[in-house]
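Number of protein chains: 2
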Amino acid sequence: MDAQTCLKKLQCVGVLNFSTVGLDGTPQARCISAIHYTSDALYFFTARGKEFCRELLHDGQVQILAYTRYKEMIRVSAKAVPVPEAEQKRCIDLIFQEQPYLSNVYPGATREIGIVFVVRDMRIEYFHLGVKPIFRETYTLGKGKHTPKGYEITGECIGCGKCVQICPQQCVAPGTPYHIAQEHCLHCGNCFEQCPVQAVTKKT
Amino acid sequence: MDAQTCLKKLQCVGVLNFSTVGLDGTPQARCISAIHYTSDALYFFTARGKEFCRELLHDGQVQILAYTRYKEMIRVSAKAVPVPEAEQKRCIDLIFQEQPYLSNVYPGATREIGIVFVVRDMRIEYFHLGVKPIFRETYTLGKGKHTPKGYEITGECIGCGKCVQICPQQCVAPGTPYHIAQEHCLHCGNCFEQCPVQAVTKKT
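Heads up: the sequence lines are chains A and B, in that order. Quick note on full-length UniProt numbering: the first sequence kicks off at 1 and runs consecutively. Quick note on full-length UniProt numbering: the second sequence kicks off at 1 and runs consecutively.
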């Protein structure tokens, strides 16, 4: 899997979930399908009067989530910015051309209440629970950054093997220290809780 | 439409999007299908080692989003709380019994790394973009509260009819003052932006 394939999968899913943080600090989510895809960016349309638009203009932080027909989860973490004023009309028209149903929602000139945001720098997480062991990987596009997640085993490890026994995905291998196969790890925390010498630490 | 029907529709969708606010203030979302439904509550399973669990234990704020096969959006805003310690095992076993695939992810006793949260007091928003005019309604369950959203026309209205002309969903009707049919309003903000006397206000 790679970032480009993930973007293509998002496009196949079509209706994606866009999460933001409300101005009151609460989680906010909505379904968006008014999206134009390129090989390295994602443009989406919303209306200036929506809370969603205010939240994006506030800090741009957005997480885009999709669940594919193959039971894969794809999650994009990014900062959305409005496309430059001079390009707004062209972008709106492009999205409406690609998705004619939008003209039923915003007929005629009413599409001008819309605003198009673009997402370029992305962290893309791919997560598949339907294979055994489960599989996850992270990719970046543009200036997107990896964020450490999950658990690792430190030099405190005494090699007792407890973590191997209790890992639901059997993703821990013996060694000095023992090693977690990150691509198969659920991040469930069982090794972290059960290690008798606290040799498992959470990545931050 | 009503709250009970919305819950049934969520159950039909199966895999729902759960949004929270990360401890760093960023939006966080993931797909969850390990859910048990009753007529007035929703129980869901996650693992104690996941960021999701930490976020829920922090303030419990969650928004649950689904897109149905009939192109309806259903959004639940709620506070999730862990079920009492004495009921955890029963709840976990119930969810694993209803969804046998979970035993592939957490085989044997490893399910004990799980924790079940319950959501009882909900605001449920129903939004259908596929009908004309579009349709939205809000319901509550338990102690869930309505939150004012969208726009309304105040006594400043001079009856010029501009808002009627430019509403994408033609949901404004003449009157003193003119009136927005809230159940058909996109919340796009076009009337708010174009009213010549600023008679349209945002509900807060």
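Hints are computed from structural coordinates only; laboratory data are not their basis. Hints are supplied without guarantee of correctness; some may be wrong.
Same chains, same names: a pair is fine if it fits in one copy or spans any two.
As the list claims (entries may be wrong) - The calculated SDA-like cross-link candidates involving lysine to any residue, where the alpha carbons are at most 25 Å apart (straight line), are:
| hint | residue 1 | residue 2 |
| --- | --- | --- |
| 1 | K89 | G25 |
| 2 | K71 | D93 |
| 3 | K132 | K143 |
| 4 | K50 | V197 |
| 5 | K8 | R69 |
| 6 | K132 | S103 |
| 7 | K132 | D59 |
| 8 | K149 | Q61 |
| 9 | K8 | E152 |
| 10 | K8 | K71 |
| 11 | K79 | G25 |
| 12 | K132 | I166 |
| 13 | K162 | H36 |
| 14 | K50 | I153 |
| 15 | K162 | T138 |
| 16 | K8 | Y70 |
| 17 | K9 | L129 |
| 18 | K149 | C171 |
| 19 | K89 | T138 |
Just so it is clear, the structure is predicted and the values come from calculations on it, not from any experiment.
Each hint, compared with the structure:
1. For a Cα distance limit of 25 Å, the shortest separation of K89 from G25 qualifies neither inside one copy, at 32 Å, nor across copies, at 32 Å.
2. In this homomeric assembly, K71 and D93 come within 25 Å of each other (Cα to Cα) only across copies, at 23 Å, whereas the closest approach inside a single copy is 33 Å.
3. Within a single copy, K132 and K143 get their C-alpha atoms no closer than 32 Å, and across copies no closer than 41 Å, so neither meets the 25 Å cut-off.
4. When the C-alpha separation of K50 and V197 is checked against a cutoff of 25 Å, the pair qualifies only between copies, where the shortest distance is 21 Å, while the shortest distance within a copy is 51 Å.
5. When the C-alpha separation of K8 and R69 is checked against a cutoff of 25 Å, the pair qualifies both within a copy, at 13 Å, and between copies, at 21 Å.
6. For the identical chains of this complex, K132 and S103 are inter-copy neighbours only, at 11 Å across copies versus 44 Å inside a copy, given an alpha-carbon limit of 25 Å.
7. For the identical chains of this complex, K132 and D59 are neighbours neither inside a copy (38 Å) nor across copies (33 Å), given an alpha-carbon limit of 25 Å.
8. Taking CA atoms no more than 25 Å apart as the test, K149 paired with Q61 passes in both settings, with 19 Å inside one copy and 22 Å between copies.
9. For the homomeric pair K8 and E152, neither the shortest alpha-carbon distance inside one copy (32 Å) nor that between copies (41 Å) is at most 25 Å.
10. With identical chains, the CA atoms of K8 and K71 are at most 25 Å apart both within one copy (15 Å) and between copies (21 Å).
11. Taking the shortest alpha-carbon separations for K79 and G25, both the intra-copy value of 17 Å and the inter-copy value of 13 Å come in at or below 25 Å.
12. Taking CA atoms no more than 25 Å apart as the test, K132 paired with I166 passes inside one copy only; the shortest distance there is 16 Å, against 54 Å between copies.
13. In this assembly of identical chains, K162 and H36 lie within 25 Å of each other by CA distance neither inside one copy nor across copies; the values are 49 Å within and 32 Å between.
14. For the identical chains of this complex, K50 and I153 are inter-copy neighbours only, at 17 Å across copies versus 46 Å inside a copy, given an alpha-carbon limit of 25 Å.
15. With identical chains, the CA atoms of K162 and T138 are never at most 25 Å apart, being 28 Å at best within one copy and 50 Å at best between copies.
16. Taking CA atoms no more than 25 Å apart as the test, K8 paired with Y70 passes in both settings, with 13 Å inside one copy and 24 Å between copies.
17. Within a single copy, K9 and L129 get their C-alpha atoms as close as 16 Å, and across copies as close as 23 Å, so both meet the 25 Å cut-off.
18. With identical chains, the CA atoms of K149 and C171 are at most 25 Å apart within one copy only, with a shortest distance of 16 Å there and 47 Å across copies.
19. In this assembly of identical chains, the alpha carbons of K89 and T138 never lie at most 25 Å apart, being 34 Å within a copy and 33 Å across copies at closest.
In the structure shown, a violation is registered for the earlier hints numbered 1, 3, 7, 9, 13, 15, 19, in ascending order.
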